[in-house]
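*Asks:* For reference, the chains in residue letters:
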Amino acid sequence: MTYILKPKVRHPGLPTNALGLTARDYEGAMSTLCAGCGHDSVTAAVIQAVFELDLPPHRVAKLSGIGCSSKTPTYFLGQAHGFNAVHGRMPAIAAGASAANRDLIYLGVSGDGDSLSIGLGHLCHAIRRNVRMLYLIENNGVYGLTKGQFSASADVGTRSKRGEENRQEPIDPIHLALTLGVSFAARGFSGDKVHLVPILKAALQHDGFALVDVISPCVAFNDHVGSTKSYLHTREHAQLAVLADFIPPAAEITASVEPGGVRSVTMHDGSTIQFRQVPDGYDPTNRESVENYVRERQRAGEVAMGLLYVEPGSVEMNENLGTVDRPLCELPYEELCPGSARLEEIQLQYR
Amino acid sequence: MTYILKPKVRHPGLPTNALGLTARDYEGAMSTLCAGCGHDSVTAAVIQAVFELDLPPHRVAKLSGIGCSSKTPTYFLGQAHGFNAVHGRMPAIAAGASAANRDLIYLGVSGDGDSLSIGLGHLCHAIRRNVRMLYLIENNGVYGLTKGQFSASADVGTRSKRGEENRQEPIDPIHLALTLGVSFAARGFSGDKVHLVPILKAALQHDGFALVDVISPCVAFNDHVGSTKSYLHTREHAQLAVLADFIPPAAEITASVEPGGVRSVTMHDGSTIQFRQVPDGYDPTNRESVENYVRERQRAGEVAMGLLYVEPGSVEMNENLGTVDRPLCELPYEELCPGSARLEEIQLQYR
Amino acid sequence: MSSDSHSRVNNFAFKIATVNGSGSASANALIRRAIFRMGVPVSGKNLFPSNIQGLPTWYEIRVNADGHTARIPTFDLMVAMNPATYARDVDEVRSGGWVLHDSSWPLPTNLLRDDLHFLGVPLARLCNENFAGARERILMKNIAYAGVLAALLGLDAEIVQKLLGETYAKKKSLLDSNYKALGLGYDTAIDTLECPLPIRVEPMDATGDSIIMDGNSAAALGCVYAGATVAAWYPITPSTSMIDAFQAFCGKLRKEEETDRSRVAILQAEDELAAAGMVVGANWMGARAFTATSGPGISLMSEIIGLAYYAEIPAVFFDIQRAGPSTGMPTRTQQGDLMLCAYASHGDTKHILLIPSDPEECFYFAVKAFDLAERFQTPVFVLSDLDIGMNDWLVPRLRWDDSYRPDRGKVLDAEDLETIDHFQRYLDVDADGIAARTLPGVHPKGAFFTRGSGHNKHGAYTEDADEYVDVMERLRRKIDSAALHVPSAEIRTARGASIGIISAGGCHRAVLESIDSLAPRGIAVDYLRVRAFPFSHEISSFLGAHERVFVVEQNRDGQLANLLSLETGVPRDSLESLGTFGGLPLSAQDVVEGVLDALGSAAYPKLPPRRANA
Amino acid sequence: MSSDSHSRVNNFAFKIATVNGSGSASANALIRRAIFRMGVPVSGKNLFPSNIQGLPTWYEIRVNADGHTARIPTFDLMVAMNPATYARDVDEVRSGGWVLHDSSWPLPTNLLRDDLHFLGVPLARLCNENFAGARERILMKNIAYAGVLAALLGLDAEIVQKLLGETYAKKKSLLDSNYKALGLGYDTAIDTLECPLPIRVEPMDATGDSIIMDGNSAAALGCVYAGATVAAWYPITPSTSMIDAFQAFCGKLRKEEETDRSRVAILQAEDELAAAGMVVGANWMGARAFTATSGPGISLMSEIIGLAYYAEIPAVFFDIQRAGPSTGMPTRTQQGDLMLCAYASHGDTKHILLIPSDPEECFYFAVKAFDLAERFQTPVFVLSDLDIGMNDWLVPRLRWDDSYRPDRGKVLDAEDLETIDHFQRYLDVDADGIAARTLPGVHPKGAFFTRGSGHNKHGAYTEDADEYVDVMERLRRKIDSAALHVPSAEIRTARGASIGIISAGGCHRAVLESIDSLAPRGIAVDYLRVRAFPFSHEISSFLGAHERVFVVEQNRDGQLANLLSLETGVPRDSLESLGTFGGLPLSAQDVVEGVLDALGSAAYPKLPPRRANA
Ligand SMILES: Cc1ncc(C[n+]2csc(CCOP(=O)(O)OP(=O)(O)O)c2C)c(N)n1
Ligand SMILES: Cc1ncc(C[n+]2csc(CCOP(=O)(O)OP(=O)(O)O)c2C)c(N)n1
Ligand code: SF4
Ligand code: SF4
Ligand SMILES: [Mg+2]
Ligand SMILES: [Mg+2]
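First to last, the sequence lines map onto chains A, B, C and D.
Sequential numbering from 174 applies to the first sequence in my numbering.
Sequential numbering from 174 applies to the second sequence in my numbering.
Sequential numbering from -2 applies to the third sequence in my numbering.
Sequential numbering from -2 applies to the fourth sequence in my numbering.
Chain A extracted, bound-state conformation:
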């Protein structure tokens, strides 16, 4: 919608990167998400990461599925080509794009609904293929855009705005990806830009599929019954569903966790998450110990954060396929067409 285009004002004093661009040159349209939505903080971190990496915006291809999270590519890298695909199929579209043009930098944004339900199969297979891309899951445990149903990453015991309780074990995308042999796995928190930006930078430079799971609270629908700030009380006896259209104003939650440290962060709804940052000297290249570490923290009721795993000799999809170095979409037709003489020859076997 035109009225939400962000005004482009030049600030001559802003710092520039190696390309002479300012961070503002990496921005996009104005966000249309809820005030205080974690996804907006992730957008800010993405902007900072690509700015600091001196990426030429138009050499980035940004992709997403459908959901509030999947809207965010509109809000960064206005000068990059974008593809807001259909729900859950983005990993496949990215794989096709990468096969056609292996030279671009692929940046995919998805949600826990988009990635862990309808798109789960595609995500798993993109991991197996090792498509070279940053694959960001903005993980809030709910379907934000369709108003708060549980996603597959919702914790057991979580209650929805309507009061039902989730009884299914959550899928931890990091744990799952490690099982599937992912070549890069990291976790961040939307409110901790300090540690998220370096993760994103590392992921964007990884030669393979880089899964970054970002815990990104939904101010509108992360709502526990025990919470003092719960909306449940007001709506308990309301007769009409239409009364539930109020999203109270909220501020973004921020909290930085130091290496090796653990920090309890309170969410909009009063619940807490124990974030555990990997310690200094942590070895992210040993899949074995990484899997153990992640599961151990899980058992301790903590969420392991940081750059958790990198496969040293990661071989990305195109290498695996054995395709030529140049992007296939740039090969001149003359190199692709065998010509009429060859056609005659080929037909000998059909005689």
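The hints are simulated quantities; they were obtained by calculation from the structure and are not laboratory data.
A couple of the hints might just be wrong.
Said to hold, decoys possible - Okay, the calculated bits of chain C under chain B, using three or more residues with CB under 8 Å as the criterion:
| # | stretch |
| --- | --- |
| 1 | 212 to 222 |
| 2 | 260 to 267 |
| 3 | 275 to 286 |
Said to hold, decoys possible - Derived coverage of chain D by chain A (criterion: at least 3 residues anywhere in the stretch with Cβ under 8 Å from a Cβ of chain A; other residues may be distant):
| # | stretch |
| --- | --- |
| 4 | 342 to 355 |
| 5 | 390 to 401 |
| 6 | 545 to 558 |
To be verified - Non-contacting residues of chain D with respect to chain B, defined by C-beta distances greater than 12 Å in every case (computed):
| # | residue |
| --- | --- |
| 7 | Arg5 |
| 8 | Asn25 |
| 9 | Ala26 |
| 10 | Ala62 |
| 11 | Asp63 |
| 12 | Ser101 |
| 13 | Arg132 |
| 14 | Asp153 |
| 15 | Asp241 |
| 16 | Pro327 |
| 17 | Glu415 |
| 18 | Ala428 |
| 19 | Gly519 |
Here a beta-carbon is modelled for each residue, glycine too, at the ideal position from N, C-alpha and C.
Once you've looked at the hints, dock chains B, C and D with the ligands against the given chain A.
*Replies:* Below, chains B, C and D with the ligands without anything else, positioned relative to chain A:
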């Protein structure tokens, strides 16, 4: 096809079970699979298991997807209702069936293509839901019915009949399922009926989703380049694809592995698999140690076999949903319809 | 200001422009319900963006003593609460109309049209002075403008208060704030504005036997009454609220008292393919099971729809249509899935469609859908849309005949099976195209192998041409024969009419109103409303009896006209397509203009442009 | 034995019944190729079960000097190698015909028809005596019956041997066994049977400029020549062999010599939804990308097809149709996906279809498909089928014009973008309905946001009715305008014809033959073969010019007739549907009987029943 109906001859001397039925009463139509196909051995094990459990055939609902493996429900339990669904969607159909009728015994058969590619998302979510069923993957590393493409469980380095090499990491359904919190996981080998039957019996009695991964070699398309029996040599210089329609006669591979033991079994193509049977005293109820065991064996180049994991307090889908004890499909309409008076009352809120 | 000249009492429309997520829905509902309680026909349409908070949203209320409740695109009064859309909002008011705005801040002068009355009330200031905390201030501002509206429109203050009282009966503190906010708005309006306006509400007795309901709630209630016990779904606007409603109804109506356990299973699936699979699985077991989705979901379910068609498994699909193709406009309405649903899936297929025109029919057709699905052992689609499904419609009170019992179709039970020799699943014993089915677990003799691959009439696998054809021909006969059992078309004839209008679904009210407004211009119209597919015979007769037929529908390609042409044999060119497909509910004006344009005669002058002096 | 009376030299058909997985394909191909090398028109059709080993399979070879190569349902000779199907195989032989069987065992006497000649050769015994090991005995039995056939049909023994030599050129040991087996069969036949039979082959010069090819190989080769660089697919019969062929061709034709790296990426996807997504992703980047699938795959791809339509991304889909609905009969042919492909996905859509009639056209249409997809920035479907795709067709040699260059449509490159002010993705600058696109990574000014949600002509997100409608109307114009650019219909007129036949795709040869055989009965027929959709204008003209039009197609519901009616405006009832849909390729007899039945006049006597004295 009528001409492959198996003749039903009564053998008065055959042993009977508690229901007075013989094992033959648990058979189905004659198999149309390749001679020597591992899937036929699994069928035989299924028949023995349901016979020994004294299951009334018509109280079993057998389901499958599409593939050679998915054809097998035709070959057992001829007196049970069956549903040969579409490719990859069987877990969803089973979940719906179980929700409607929680009293039947659900027996699903799938292949590695059906379950780990097109149906991967559904399988993962059926595991999360803990649908009460035996879910059998007849795992051969290939798409048998479509002539030998790699499946997602093909080992790295495997070569297809056409000579391509698989370079993608295999998905181990057991490892994956454990990550997703499966409530029962076991692995068998089609050629080891001795150990497969008890696994199937345990799975059929489990109160939740029981994943049984059965290594079941495909005589037609499991073909390694290094193998002395490889077809590659004959076809190497063949010009026409039609020449490749020959499936040599083969015998079923059988091999039993004792508890705690390891045994190297040679496949049709000359390759070998190291089967490791869980030792006596193995504790399948500790998810932690089970995960470690499975990964450890994997690292050692072995395939862990046996009843690997059982969740002690497994709560199946209908319990989780909180539905009534009686099957929903059997509730009399009178219990379901609120009636006209109640309708009047309901409408007060719409005035 | 000519349009003021005739009375606008109980005959006007107004629109409330706010921002979504700000809690205005309760205020809007309050006003709409108060008018209804005063006995005056009223309807409400919500125009909302595909996001959660912070974008423009509108609620349109039409008050019409004659009971016309279709959308109208111009408004007598605009409640302009959203500065971001002032310009377009002010633009939509008819000449001589009113704009209510928050005078806490001055209106931008470039928006001041001199043909309108601007009514300012300092709502934000009032709320800031009287309430503490951002949360309450935002919420109460809504109730405050409702108070202003109550005064301006001459609503019965007692009724408004009573409604508030009912809503917050168990939450005294909230009730007090609401009363206070209402009073602030009401009193300020009475004190500072000329109340009531010429557009105002006077009590009538026209809603006594009516309710105001959205189609998704009505359809959900229909599923409860039909005895559905399994719902499988994947969230998608605008179908989600149907499942929400089903869940809410079942929470009250489907509990086993002794155990607090549920007589229904609602499965949130991992995607639409799974939802469709679950529905098929549950129906296979003999439960009445359904899903609710929208266009993208139907596309994804296509393969499984074909399975249900060919394996002959009942299944009910509610398609709450939205503007396509692809993701399209998820919060806008359309009738774009007719062709898809009629022939969904590859190969030769044809499906039964029910097309309700309002929430009342959503209720009855939901019940009918299950009966037809089981009778014909096939997928049945209920084609609703966002307008019907999510907006507030005035409809006659729903009735229930307690003697109703589900039509389970031909199902052999254990007793039947005992007596037969050998069960043959696809044998057409009584030549009506329908073979008897059995349910799993009931009897060993009923066992057979359901499959989507080639099968013969005995239920066995086949690759034989004749055996395959035999089953396929019966399937064709079976679905065609459903034409005699689906709801017949609604027909209204006019004396001397030579032209006909055919329409379906949510266009109905706009068409009825347009016929009323064409009549005084000397244009008599016969009208047929299609209610189901395959088409019943009276549809062919109607087509045959009219020289000129307009087909009114809300899609680009004239999909209803296409279906009519294909299935009745009338040439496609003989059907003139009318309608809009921009995503807004159809208005009578759209139809009238379309017909007049087509008739093209100077004898029928065009309607005056919306805004003379713009 | 009347049908023996006229010469059957170079004019007969025979069928080989074996069991699948037994390696008979090479023997069958050997015979078919030998006849071809003798300069005689020949074709081969494979009838195989949906399993891998042990079930009945058949290969039908038709030899026809006039070049008629459609299927015929009765045979002069049956090579009955499969005891499981003796009964039905013997039944398919015309009166006076021959049955070749393995006399190692006696034939069941109940199968001995006294109107046939039974020719026994002890093939199994011969092979058991001459070869060691089960494997070789099974394989060589096939070559042995080929040897018998060579003798019976009077094939040039030198040609047969040369063919064997070519096939096993690099595998001397295999060649020796094959020579030996061939000789065993040939010599035994010459010694013990009356060779050659009246049905026999005599050298001609009618295949010099022809090849024998299957449509899937031809289509794959077309993709290579079109410059396709990405293929994404999921295995499904009968499309799999197209990807196999593409892979094989690319292995030879698309290697970068220096590096042995590949100028193509072939992605085996996890399912059809992913395959379609990959194709869309690759085309978005500017590569020519395609997928090959069959009906179930198209159903599953529906949502993404709609995305490509609405976001205007080129994409090429090969639908190798098989018998539906649902899983149906995966190894049987049908034309059942026309309607689905024409309007796939929810909402208003319409897609370009190309309908090749044989492998030659598969090659040319594959190239055309990419040109159209890029020109019109939209999905294009090539609707082949199992019969065309997997059987062996006699077609003119493929030609290539080296001056061909891909039509990339309107793509702005870096230079173009430098010069423009502001790129607007969906702006119809030159009023042809097509807006220019840009490719990612090329230039910062070309960047925009591709989406399947509502967008305006500038490429921005919208929920505005007018902006949405604007783009949708242009899309309609765009696709309609493709009618001028797709391959035009093929028309053959006959003097004095009053009836017309319209057909498409694989029905072509049967229709041509039927027209030839109707002519001597005094029935002159004009013929139009539809080659693409949207329909070009000559199709309407043809429809208008004929009182009676038969539409010949291979599906139950007359889907081509439906499309013709919908899109040209002719009443559906004016089109008479003909054809079969049991999964076997159409025969001329099917068409002739259908036409005669419809004309219903005693003046046109029915053809004699297949077997007079059965
Ligand atoms: C095929 C399809 N099904 C359903 C939807 C509706 N839908 C839109 S967003 C969404 C879920 C988004 O959840 P998530 O990915 O977690 O994103 P969030 O909004 O929480 O950031 C769904 C189900 C759709 N657009 N398309
Ligand atoms: C939607 C769909 N896509 C593709 C196919 C084709 N198909 C049939 S079986 C099969 C793979 C089966 O592999 P697997 O499950 O491993 O079974 P196996 O034959 O190896 O036992 C495929 C791709 C299909 N039937 N339906
Ligand atoms: S609904 Fe939740 S996820 Fe969506 S924008 Fe609002 S806060 Fe963010
Ligand atoms: S192809 Fe393989 S999996 Fe299929 S029946 Fe034959 S041996 Fe078994
Ligand atoms: Mg989410
Ligand atoms: Mg397999």
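*Asks:* Please go over all the hints and tell whether each is borne out by the structure.
*Replies:* Status of each hint after checking the structure:
no.: 1; hint: 212 to 222; in the structure: holds (count 4)
no.: 2; hint: 260 to 267; in the structure: holds (count 7)
no.: 3; hint: 275 to 286; in the structure: holds (count 11)
no.: 4; hint: 342 to 355; in the structure: violated (count 0)
no.: 5; hint: 390 to 401; in the structure: holds (count 7)
no.: 6; hint: 545 to 558; in the structure: violated (count 0)
no.: 7; hint: Arg5; in the structure: 27 Å, holds
no.: 8; hint: Asn25; in the structure: 8 Å, violated
no.: 9; hint: Ala26; in the structure: 5 Å, violated
no.: 10; hint: Ala62; in the structure: 25 Å, holds
no.: 11; hint: Asp63; in the structure: 26 Å, holds
no.: 12; hint: Ser101; in the structure: 18 Å, holds
no.: 13; hint: Arg132; in the structure: 5 Å, violated
no.: 14; hint: Asp153; in the structure: 20 Å, holds
no.: 15; hint: Asp241; in the structure: 6 Å, violated
no.: 16; hint: Pro327; in the structure: 9 Å, violated
no.: 17; hint: Glu415; in the structure: 41 Å, holds
no.: 18; hint: Ala428; in the structure: 44 Å, holds
no.: 19; hint: Gly519; in the structure: 43 Å, holds
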